[in-house]
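Fit chains A and U to the supplied structure of chain H, relying on the hints for placement.
Protein chains in written order, with the working numbering: chain H, 1 to 265; chain A, 1 to 265; chain U, 1 to 265.
Please note that the accuracy of each hint is not assured.
Intra- or inter-copy, both count: the list cannot distinguish identical chains.
[As the list claims (entries may be wrong)] With a cut-off of at most 27 Å between alpha-carbon atoms, the simulated DSS-like pairs for lysine-lysine come out as follows:
#	residue 1	residue 2
1	Lys12	Lys79
2	Lys12	Lys132
3	Lys105	Lys13
4	Lys233	Lys253
5	Lys259	Lys105
6	Lys106	Lys13
7	Lys98	Lys71
8	Lys12	Lys253
9	Lys176	Lys132
10	Lys132	Lys78
11	Lys149	Lys12
12	Lys259	Lys10
13	Lys149	Lys98
14	Lys98	Lys75
15	Lys259	Lys71
16	Lys79	Lys132
17	Lys106	Lys253
18	Lys78	Lys153
19	Lys12	Lys233
20	Lys12	Lys106
21	Lys13	Lys253
22	Lys79	Lys176
23	Lys176	Lys75
Hint data in this document are derived by calculation from the structure and do not stem from the laboratory.
These are the residues of each chain, in order.
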Amino acid sequence: MVNNILDTVKVKKPLIHHITNMVTINDCANVTLAVGGLPVMAHAIEEVEEMVSNSQALVLNIGTLTLEQVKAMIKAGKKANSLNIPVIFDPVGAGATKIRTDASKKILDEVQISVIKGNKAEIGILTGSGGKIRGVEAESNDENIESYKNFAKEYHCIVAASGVTDIVSDGNTVYKVDNGHSMLGTISGTGCMLTSIIANFCAVESNHLQATVSAMVAFGLAGELAASRSEVKGPASFKEAFFDEIYNLTDEKLSRGIKVRGEVN
Amino acid sequence: MVNNILDTVKVKKPLIHHITNMVTINDCANVTLAVGGLPVMAHAIEEVEEMVSNSQALVLNIGTLTLEQVKAMIKAGKKANSLNIPVIFDPVGAGATKIRTDASKKILDEVQISVIKGNKAEIGILTGSGGKIRGVEAESNDENIESYKNFAKEYHCIVAASGVTDIVSDGNTVYKVDNGHSMLGTISGTGCMLTSIIANFCAVESNHLQATVSAMVAFGLAGELAASRSEVKGPASFKEAFFDEIYNLTDEKLSRGIKVRGEVN
Amino acid sequence: MVNNILDTVKVKKPLIHHITNMVTINDCANVTLAVGGLPVMAHAIEEVEEMVSNSQALVLNIGTLTLEQVKAMIKAGKKANSLNIPVIFDPVGAGATKIRTDASKKILDEVQISVIKGNKAEIGILTGSGGKIRGVEAESNDENIESYKNFAKEYHCIVAASGVTDIVSDGNTVYKVDNGHSMLGTISGTGCMLTSIIANFCAVESNHLQATVSAMVAFGLAGELAASRSEVKGPASFKEAFFDEIYNLTDEKLSRGIKVRGEVN
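The following block holds chain H by itself, in its conformation from the complex (with noise of 0.2 Å):
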């Protein structure tokens, strides 16, 4: 895991531009806030890369896609990586309809993406080892590492598929983070705060397969010590928990409460 990384995102305050979906668009400006990073929503096409070129991150997130957004969104992503800016992409919905998995593929031919973070039916709808979906929800936790780890290497990018236990990998190296709380299943967004998350600490940590690690264990360690709150009485308390939880994390928490379990192949 990477030494002082909530330290090193408070103080340089990582511009992230999302282009996202209008569901969980508040949630992911207000977890970046908290999480120390400074968000930015924008989705016209003619200003996607202007904007981008002055932020640290960028998150591409297909939740209400439309496909003029995905045509926002590549354009935004070619332009981040002519800047060396990474991109993380969260394929909401992969598997569920046919616009989604063509968008998700298109972005991936397309943009060189740094993460892509997903459920494990989405991220096993574009790997090749299948998935069932429902909505935008995986129905099972299925996994298929080898699966991962040679599309992280097809495509030169991390992986990561969220679930009761997460699955990172760089192709190489594979982690398993036990992190988390059935609780973050109530409430809405958290696979796309994740994300927002992972964006955060991509854009002050080169290391992006361990930036991502990180972020997953700041992510499910706020919803653990969310939930052991008294005052958590159903999805909403915990979710104001939870805001306050990843606001007030710190990088001796995170090495205290860190579950990761390493496999170098």
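Quick look at chains A and U alone, frame taken from chain H:
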């Protein structure tokens, strides 16, 4: 009221496809999760047929409509009809502008709606009994049960008019639901959230009259329970408590808290 | 400051038509309800004239602008002008991209704005005194009161520049508002919410200079009151407390808590 409706939703986890407004889209996703269903929000015209085909109910909500979005609603609605998937329609702001009234009529004409749910101004305007709307809020609680019944018969749907007392009718039977709390009027999106809960209940219960009444009881009762909590000090703490109470509702609480007057005519 | 402004809003319940961004649209709706007004969000170009005609103020906020949306803003703004309905403009991200700067100038040229409210970078960039913006956040709190005054005179509007100390001027009188709290910077959308409160106040008070100062006091004071609460442990619990404090504000609290320095030049 439907027995074991909440248990059934939690077991079946219906997928509820929403084509909805951008103001309350996050609330509708979260209330669907809280009540036990799975939300998916998708509005691109290229994917709505495919998405609704895998869903158990479709919500059409015109709160921030565009003409393009209405086309997607009708396309999705017709597909839902062909697959016997219930369509729940919320004509937000009907009467406030011509395009909202026209869109509502077009949807009613082209799609077989299972339930139309609006405030008493929206429902009054569409059923022809009249009503005054300011923006998206009813100016008064005037109701016209005969016109609701005629409309329900003509369109073969359930008419649900929300207000201090909610009125629900299939054209023959009329129910009056007295559950609810004035604090619900202090937050945005309660009407939209109620529509989502109706969709969750109709997704698992083919008696849509009973499902709609049950949803209105559940919604209103959660409001009552939330308002009675000592930590509620205003609309935001009320909203948090409301979501938590929706999550913690049980069929036993529903049958204890129900305030429904039935009138079979 | 305006006497009884909160009471007046609560009694008159002004309808505030927003054409705004998708990040904070829900917050703007809720803050309008909390302060006593009625929100309506409508952006379809076919309905904005009709919607604004029944409103008491119009908010134009370019936080996630598209060129199409800017057209709707100008159409609505011109209609508002013809009916003497105040237009409150929030040039979110002006200076960050060319289309945001251009759209801001176009709106200022084609619509008679009552109040322009931005952070000190946005206002500095548009008034010509300069400023540095990162995404949608000002990089520093530099201010140039002379350029604000000149701009207010040229455009016959109130200029409101928010920061640690807010500056408000009509071109002659200058007010400095010291209410506020650093926790407001930890959540997304506070600038947008402040704009909505200004709109609510201008909707019921024709002295827009006084209405704007009063709104900034109300906004900042609610932040101070929220931050002092023992249950606030981070940005999310602060946000909840903030909304509750807005709802619970009274004119008496305002006159006790006001921190304004007036300088008539």
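Check your understanding: Of the hints given before, which are not true for this structure?
Key -> 3, 5, 6, 11, 15, 17, 20, 22, 23
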